[in-house]
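J.: What follows is the residue order along each chain.
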Amino acid sequence: MKIKILAFGIAKDILGGREIEMELTSDPVDVGALREHLSTAYPDFRKLRSLALAVNEEYVDDGIVLRHGDQVVIIPPVSGG
Amino acid sequence: MLELERTQIKILATPLSVDECYQFVTAPNCGGIDLFVGTVRDSTQGKKVISLDFEAYVPMAISEMEKISLTIQERWKVQRICMHHRTGLLKIGEIAVIIAVAAPHRGAAFDACRFAIDTLKETVPIWKKEIFEDGEVWVAAHP
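Residue numbers (my numbering), protein chains in the order written: chain A, 149 to 229; chain B, 57 to 199.
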């Protein structure tokens, strides 16, 4: 399954761009698998204080299954305010 | 029914206005208005800061701020809530965030306003980068 991923903050720097496309071959694909795939492809993610993922504008747990058309966003540690 | 009409949430790339937030929240039945203004500080851990660069995942930032507003309305007797956040490059002293809360009585206004900014800092997908003379650092990214 091809997934488009948006990144903000330091995640954008780590990925080298605002948006990337990843091919995930496990079936079904869950958020945990995506997290593993990202951390392996981009080891700098493991150095961060935390790494959350959002699917369709909601924070998600690793067990959530991804579907075609889901908007996936990498949320590194937030620092608003 | 929780009323979102009593809430104003904005993410702007232009300078924020304390007066605009104040005017939104004031109401005849509110005796207490609490305002929090977050500004850009000139140093961090003793190091001179030149500017802060804010970016936001806007649609989710707004929905997370709406959740904060709903929680406030569940917990406290508050009439109106205003939350404005800025994005882009800000100089020292510029306003990054304004939270305004109006309630009949001041206790709820104080508590809700504090809750709003404390929770925003934990959950809302907005990030700031500190710009120094000798480099840039995304705040709180690394332990």
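In case anyone wonders, no lab produced these hints; they're calculated from the structure.
Predicted model, so just to flag it, every value in this text is computed and none were measured.
A few of these clues could be false.
[Said to hold, decoys possible] For lysine-lysine, the following BS3-like pairs were computed, each having C-alpha atoms within a straight-line distance of at most 27 Å:
{"#": "1", "chain 1": "B", "residue 1": "K133", "chain 2": "A", "residue 2": "K195"}
{"#": "2", "chain 1": "B", "residue 1": "K66", "chain 2": "B", "residue 2": "K103"}
{"#": "3", "chain 1": "A", "residue 1": "K160", "chain 2": "B", "residue 2": "K123"}
{"#": "4", "chain 1": "B", "residue 1": "K66", "chain 2": "A", "residue 2": "K160"}
{"#": "5", "chain 1": "B", "residue 1": "K147", "chain 2": "A", "residue 2": "K160"}
{"#": "6", "chain 1": "A", "residue 1": "K150", "chain 2": "A", "residue 2": "K195"}
{"#": "7", "chain 1": "A", "residue 1": "K152", "chain 2": "B", "residue 2": "K103"}
{"#": "8", "chain 1": "B", "residue 1": "K66", "chain 2": "A", "residue 2": "K195"}
{"#": "9", "chain 1": "B", "residue 1": "K103", "chain 2": "A", "residue 2": "K195"}
{"#": "10", "chain 1": "B", "residue 1": "K123", "chain 2": "B", "residue 2": "K185"}
{"#": "11", "chain 1": "A", "residue 1": "K160", "chain 2": "B", "residue 2": "K185"}
{"#": "12", "chain 1": "A", "residue 1": "K160", "chain 2": "B", "residue 2": "K103"}
{"#": "13", "chain 1": "A", "residue 1": "K160", "chain 2": "B", "residue 2": "K133"}
{"#": "14", "chain 1": "A", "residue 1": "K195", "chain 2": "B", "residue 2": "K177"}
{"#": "15", "chain 1": "A", "residue 1": "K152", "chain 2": "B", "residue 2": "K185"}
[Unchecked claim] Coverage of chain A stretches by chain B, computed from C-beta distances (three or more under 8 Å per stretch; other residues unrestricted):
{"#": "16", "region": "180-194"}
{"#": "17", "region": "217-225"}
Every residue, glycine too, gets a C-beta built ideally from N, C-alpha and C.
J.: Under a C-beta cut-off of less than 8 Å, do 3 or more residues of the region 180-194 of chain A approach chain B closely enough to confirm the stated coverage?
T.: Not satisfied, violated; 0 residues make the cut.
J.: Do the alpha carbons of K66(B) and K195(A) lie within 27 Å of each other, as the hint requires?
T.: Distance ~32 Å between K66(B) and K195(A) Cα, so the pair is violated.
J.: Taken at face value, is the distance from the CA of K195(A) to the CA of K150(A) at most 27 Å?
T.: 26 Å, holds
J.: Does K103(B) sit within 27 Å of K160(A), going by the straight-line distance between their CA atoms?
T.: 25 Å, holds
J.: So if I understand the rule, the pair passes when the alpha-carbon distance is 27 Å or less; does K152(A) with K185(B) pass?
T.: 25 Å, holds
J.: Is the hinted pair K66(B) and K160(A) satisfied, with a Cα-Cα distance of at most 27 Å?
T.: 24 Å, holds
J.: Is the hinted pair K160(A) and K133(B) satisfied, with a Cα-Cα distance of at most 27 Å?
T.: Status violated; Cα separation ~40 Å.
J.: Measure nothing beyond the straight line between the CA atoms of K103(B) and K195(A); if it is 27 Å or shorter, mark the hint as holding.
T.: 23 Å, holds
J.: Regarding the pair K123(B) and K185(B), is the alpha-carbon distance no greater than 27 Å?
T.: 25 Å, holds
J.: Are K195(A) and K177(B) close enough, with their CA atoms no more than 27 Å apart?
T.: 21 Å, holds
J.: Keeping to a limit of 27 Å between CA atoms, is the pair of K160(A) and K123(B) held or broken?
T.: Distance of about 26 Å is within 27 Å: holds.
J.: Would you mind confirming whether the straight-line C-alpha gap from K66(B) to K103(B) stays at or under 27 Å?
T.: The given pair, whose Cα atoms are some 31 Å apart, is violated under the 27 Å limit.
When held up to the earlier numbered hints, the structure conflicts with 1, 2, 7, 8, 13, 16 and fits the remainder.
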